[in-house]
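Quick mapping for you: the protein sequence lines, in order, are chains X and C. With full-length UniProt numbering, letter number 228 in the first sequence gets 228, and the count goes up by one each step, no holes. With full-length UniProt numbering, letter number 408 in the second sequence gets 408, and the count goes up by one each step, no holes.
FYI, nobody ran anything at the bench for these hints, they're computed from the structure. From the three backbone atoms N, C-alpha and C, an ideal C-beta is built for every residue, glycine too. Accuracy of the hints is not assured; some may be wrong.
[What the hints assert, rightly or not] Ranges of calculated distance between the beta carbons of each label pair, as one might list FRET restraints:
hint, chain 1, residue 1, chain 2, residue 2, range
1, X, D303, C, F94, 55 to 65 angstroms
2, X, L306, C, E153, 42 to 52 angstroms
3, X, Q16, C, D440, 19 to 29 angstroms
[What the hints assert, rightly or not] Chain C regions said to be covered by chain X (calculated; three or more residues, Cβ under 8 angstroms):
hint, region
4, 89-101
5, 238-249
6, 269-280
7, 303-310
8, 454-463
9, 518-527
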Amino acid sequence: METTNTLSARDFSSDQEVKWCPGCGDYSILKQMQSVVPELGIAREDIVFISGIGCSSRFPYYMNTYGMHSIHGRAPAIATGLKITNPDLSIWVITGDGDGLSIGGNHLIHLLRRNVDLNVLLFNNQIYGLTKGQYSPTSELGKKTKSSPLGSLDHPFNPLALALGADASFVARSIDRDPKHLREILSASHQHKGTSFIEVYQNCNVFNDGTFLNFTDKKLKDENVLLLEEGQPLVYDQGKKGIRLNGLKPEIVNLEEGASLNDLWIHDSRDATKAYVLSRFFDDSLPRPFGIFYQEDRPCYEDDLLDQIDHAKGVQGEGDLDDLLRGKRSWTVG
Amino acid sequence: MKNTQALKKVTILFAGDSGDGIQLAGSQFANTTALAGNDLSTFPDFPAEIRAPIGTVSGVSGFQINFGSEEIHTPGGRPDVLVALNAAAYRKNFPSLKSAGTIIVDPAGFDKKNLRLAGYDDEENPLLNKPADYQFYEIEVTRLNRDAMKEVEIAPRDRDRSRNMFVLGFIYFLYNRDLEVTLHFLEEKFKHKPDALEANKKALMAGYNYGDTIEAITRFRIEKAKLPAGEYRNVTGNQALALGLIAASKKAGLDLFYGSYPITPASDILHELAARKNYGVKTFQAEDEIAAITSAIGASFGGALGVTGTSGPGMALKTEALGLAMMLELPLVVVNVQRGGPSTGLPTKTEQSDLMQAVYGRNGETPIPVIAASSPSDCFWAAYEGAKYAIEHMTPVIVLSDGYLANSSEPWLFPKAADLAEIKAPFRTEVENYLPYERDEREVREWAIPGQAGLEHRLGGLEKEDKTGNVSYDAENHELMVKTRARKVALVAKDYPETRLLQGAEKADLLVLGWGNTKGAIQVAVAQALVEGLSVAQLHLRYINPLPEDLGAILQRYPHILIPELNDGQLVRIIRDHYLVKADVLDKIQGKPFLAEEILAQIKKVLKDGNH
């Protein structure tokens, strides 16, 4: 991969008209992506976006790179085959809560455990948008939609707990309305070698408007957003509150009422147990964490596969086709 | 000195419990027989369960081999010799034995318990009530083998496990075979288990020597077959298929990527390929059938020869992705080793019932070339040709094999790498004026691999605008694209060789038209019909979609067409649909291949009753 410093966001914008609904959170994610990739030092021709089906999955059409808009849920598997074939490519899987967690849930968990060096962006808007508003696997229990007029009966997925359960080697959360944070996370996911899983909260202003209001509204977000910073204590609400661990049980403490910074939980994204506890900050009793929950260095599937091939060639010699056709035992007639 | 009798050909059926090592003994006999210079054909037949109830009829495993000094086209109809290691094997297979045939049994397999498990009433022991006119050999395999095991350090529970080698040794003696191939095999297999090696070698030798010591036994001699000159090997269909894929990737200069999910009877292709990493083969055991095919699509996008292999139910799961591959216009080979269906059906049995699925089974207008292999070694050529068309025409191609071809073996006059047809991938490297869906005169678009500056483009399953490949919902454009893709696939037929009859005259009262594994049985039946002076010809179809351009004119020359198929009539519908000719099916849906005699009987019936 060569470094290209000369490209700008405009160079990564394709000639296709962007066709999301006006006001959709996808625009912001697209914009952050287009502005981050020129800074990553990857040649444009070495970048590939692979998506499934859904609103978010139109994403590859708008990036002036290589791309594929595939079929529902299967982007992780397609990207895996592509990466194994061409490990030098920087491959980004674009998926949504329906695409990645419902129809494609199986591929997602297997991608994560194999740790193929891919970046997965899961746009979570907690609704089926493209099919016009049915509840999704991340919709809250009791949600009333066209397909759940009396309220959804489905217990929702916790995407980050799921990713950690599948032994993902990089797990993060960001949100469409915080461009700077999103760019930082995208950049960090690129730096990570292995599968990076990023959940991006994304507002569907047509079918599920305001579902993340707690984390975007000026009056509400201070109390509800916990920004994770490596090596720093878990502090939120303008430094007024913090999180302390009592054993493995997180507790909110008030720093203005005597609690000390020294007592707080220090964020360590290499600690799998703490990452899991963080992923369970999932109801209104605790603030919602954003940032890198977990990262570890673990061998990548495609590297191990290529090592096996190199090893086999080293031990058995580069295969000769005539030897292969002849097999171990042949005989001659006439 | 024993009597030795010369034979032109013989069919032996090895049968026993599925834990008795029948498949291993049978395939060893096949390899030895191939190296001895006979032509041969085998038919392994085993239960779907790993361990079906011991001693029962449903747990019987069989391996039939037909070999001789003349050309062999089928695993034989009714066997001449039945080796039955237990009462269940006898009960299941005796009815199919040739009259006055030879039966070799181990009386230990006919004790009270085994008789009961096989469903015989008390006092119904067939050994006490032997059918007249059959040649019976009662050989105390279990007892003699235990005697041989006395000299070996082996746990009592393992001492009977080498019975299959004892029997094999005896059969080797009977048919004048060398032990060398099997001894060599055992040394490889038990490299790290010296006790097991010793036991198996002892058993093999003991069986052979037993034949030498007993009186009044006739040995048989089968001369070498007069096969075309050249170098041969023995090969099963699944092995040949794997070799064809590797050969095609090497000739095309592409990496081979094989995405697959374990499924009977296709898994051996995955095993064969996984063992060839030094050929640069990348195998990916996917989480499911859908990931198997979509990972292969991703690999093809990246410039590899993407291949996936499966069997019927797995093929059903791949259907949506097949449509995507067809829309993307990327090379992809999809192998379906057909088995008895529908649903889980008969996993270890053969059938040809996925033909309609291959030709038609997708949403939308989705033509895909379909090539059918007709013998174990032909699986090589079907795979090779399938890959060639996939690459050169930028299209998914379905290669049909089946459980019978997959596990059967035959001698193969294998090709030299240098003699294989060239395969030229239509790569795009020129940056100037690149349009992803611009086509050549064969309607083939170019393959622009990611990583090349200036050729960045987006593919997808949404309908594409002509030439640019941009998303388009335009009505006229959709029709144009559907017709263009159909024409592209139809033009694959321009690459076919001329369609030729296998036997019979250019004009006759009846044409027997086959496809897939029925070739050998039809060949024997039509040859016999011709000897008997009947007006019949044989044509075997390899290309089922698109059909060969010269096929219609050939079919028109015959007033009646008979299509034997291991299904309820699928090719027959396609042929009637395309050519409006009088064609009838001879169906068989029993999980077993045709016997030549079944086809011959139908030929006679049609010619007698025929209203031509």
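Each hint, compared with the structure:
Between X/D303 and C/F94 the C-beta distance comes to about 58 angstroms, which sits within the given range of 55 to 65 angstroms. Distance hint check for X/L306 and C/E153: the Cβ-Cβ separation is about 44 angstroms, which falls inside the suggested range of 42 to 52 angstroms. In this structure the hint that X/Q16 and C/D440 lie 19 to 29 angstroms apart at CB holds, the actual value being about 26 angstroms. Here's how the region 89-101 of chain C fares: 0 of its residues keep a CB closer than 8 angstroms to some CB of chain X, so the rule of at least three is not met and the hint is violated.
Interface restraint, the region 238-249 of chain C with chain X: holds (3 residues with C-beta to C-beta distance below 8 angstroms; minimum three). Remark: the region 269-280 of chain C is confirmed as covered by chain X, as 5 of its residues place a Cβ nearer than 8 angstroms to a Cβ of that chain, reaching the required three. Counting residues of the region 303-310 of chain C whose CB lies closer than 8 angstroms to any CB of chain X gives 3, which reaches the minimum of 3, so the coverage claim holds. With 9 residues carrying a beta carbon less than 8 angstroms from a beta carbon of chain X, the region 454-463 of chain C meets the three-residue requirement, and the given coverage holds.
With 0 residues bearing a CB less than 8 angstroms from a CB of chain X, the region 518-527 of chain C misses the requirement of three and the coverage assertion fails.
Checked against the numbered hints above, the structure breaks hints 4 and 9 and satisfies the rest.
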